[in-house]
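Enquirer: Using the sequences and the hints given, assemble the complete structure.
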Amino acid sequence: MSEERVAEVLAAHAEELLGRPGAMQEIHVTKVERERLAPLFRLAERIQQDMQPVQPSADFVRSLGKELVGGAKRQIALTKRLRRAALIGAAAIGSILSIASVIGAIVFVIARLRARSQAQTAHAPTG
Amino acid sequence: MCDESDSALIARAKEDPEAFGLLYERYVKSIYNYIYYRTSNHHDAEDLTARTFYRALKHIPRYVDRGAPFSAWLYRIAHNVVANWHRDRNRRQMIALDNLVLKSPHREGPIATVEKREEHEQLLQAVRRLAPDRQQLLFLKFIEEMKNAEIAEVMGRTEGAIKSLYHRTLVALRADEELIKAEMVDGRSSNREASDE
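These protein sequence lines are chains A and B, in that order. Taking our numbering, the leading residue of the first sequence gets 1, the next gets one more, and so forth. Taking our numbering, the leading residue of the second sequence gets 1, the next gets one more, and so forth.
None of these hints come from the bench; they were simulated from the model. Every residue gets a Cβ at the ideal spot worked out from N, C-alpha and C, and that includes glycine. Treat the hints loosely; a few may be bogus.
[Stated by the list, open to error] Residues from chain B shown here face chain A by an in silico Cβ test under 10 Å; the list is partial:
hint, residue
1, F20
2, F142
3, Y166
4, R174
[As the list claims (entries may be wrong)] For lysine-lysine, the following PhoX-like pairs were computed, each having C-alpha atoms within a straight-line distance of at most 25 Å:
hint, chain 1, residue 1, chain 2, residue 2
5, B, K14, A, K66
6, B, K58, B, K29
7, A, K66, B, K58
8, A, K80, B, K58
9, A, K80, A, K66
10, B, K14, A, K80
11, A, K73, B, K29
12, B, K116, B, K181
13, B, K14, A, K73
14, B, K29, B, K14
15, B, K147, B, K29
16, A, K66, B, K147
17, A, K73, B, K58
18, B, K58, B, K14
Expert: What follows is the structure, encoded as structure tokens:
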């Protein structure tokens with residue numbers, strides 16, 4: 001029996017264990033295959049019997065749920081505050097830059113005007 | 001229980017704390033069970049479940065929905081939390097209280113019950129000795145009762161790979177059990193020899 005076939009048969013057996021009948025029939029598992037894989041089938045049956053879901057205590061579930069929702073509230077509030085601070089910061093930087101550029105433009109124009117008037121005075125005929 | 005999809009709740013959880021609460025309610029039992037079967041005691045299972053969800057809460061603003069189930073992300077967090085716990089525990093060498101309770105003589109009933117309990121414990125211990133991905137596979141199959149296709153989605157593998165992993169897991173478990181049985185037989189015979197002397 002190839003490894004692929006063994007894996008296929010074991011998977012079908014597990015499906016049947018979990019209440020999905022007909023899975024072994026669908027892939028035509030023979031009597032010989034059943035006999036050969038019987039020890040692994042038994043092991044799978046024991047695992048299924050022994051691995052049962054456990055229940056966390058209701059108090060634990062409730063109190064952790066409350067703590068997490070509280071934590072989520074704080075986290076969202078902090079994110080909003082940081083976002084607002086970043087927005088205000090960006091706006092402040094933007095306005096400072098625009099004021100600086102206006103001042104820079106004024107200084108530039110004044111400087112050019114002053115340079116032009118100085119040049120005119122220098123070239124003006126004397127006497 | 002709410003009918004809203006995981007994706008919708010995740011999107012809402014970035015702005016609405018109650019949405020994270022709903023995701024928690026949806027997955028707390030699965031994550032608790034997963035951790036319980038990997039730690040073998042309720043106290044640590046509670047502690048690590050809390051750590052898993054706190055970590056999920058911290059990272060959910062950056063969660064990107066790539067089509068994989070949300071549970072896969074949670075299991076990955078739980079897996080990392082448990083792996084860290086095992087690493088720390090190996091340094092400290094602690095004995096789980098639940099194991100002591102199970103082996104307590106006050107709980108022993110008729111011989112058959114004790115033998116059954118021992119067998120049950122041995123099998124669970126053998127499961128805990130398996131590689132983490134094999135433990136996860138058995139957990140998803142037998143506790144969560146997922147189909148191979150669903151397990152494949154959660155574990156990020158193909159359905160064929162899951163079937164093959166299941167096969168290898170059963171073979172490894174059987175080999176482990178046979179080894180333990182052989183060791184027990186050896187132990188008994190050497191005890192008998194010692195008492196004869």
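Enquirer: Could you work out which earlier hints the structure fails to respect and list their numbers in ascending sequence?
Expert: Hint 16 contradicted; others consistent.
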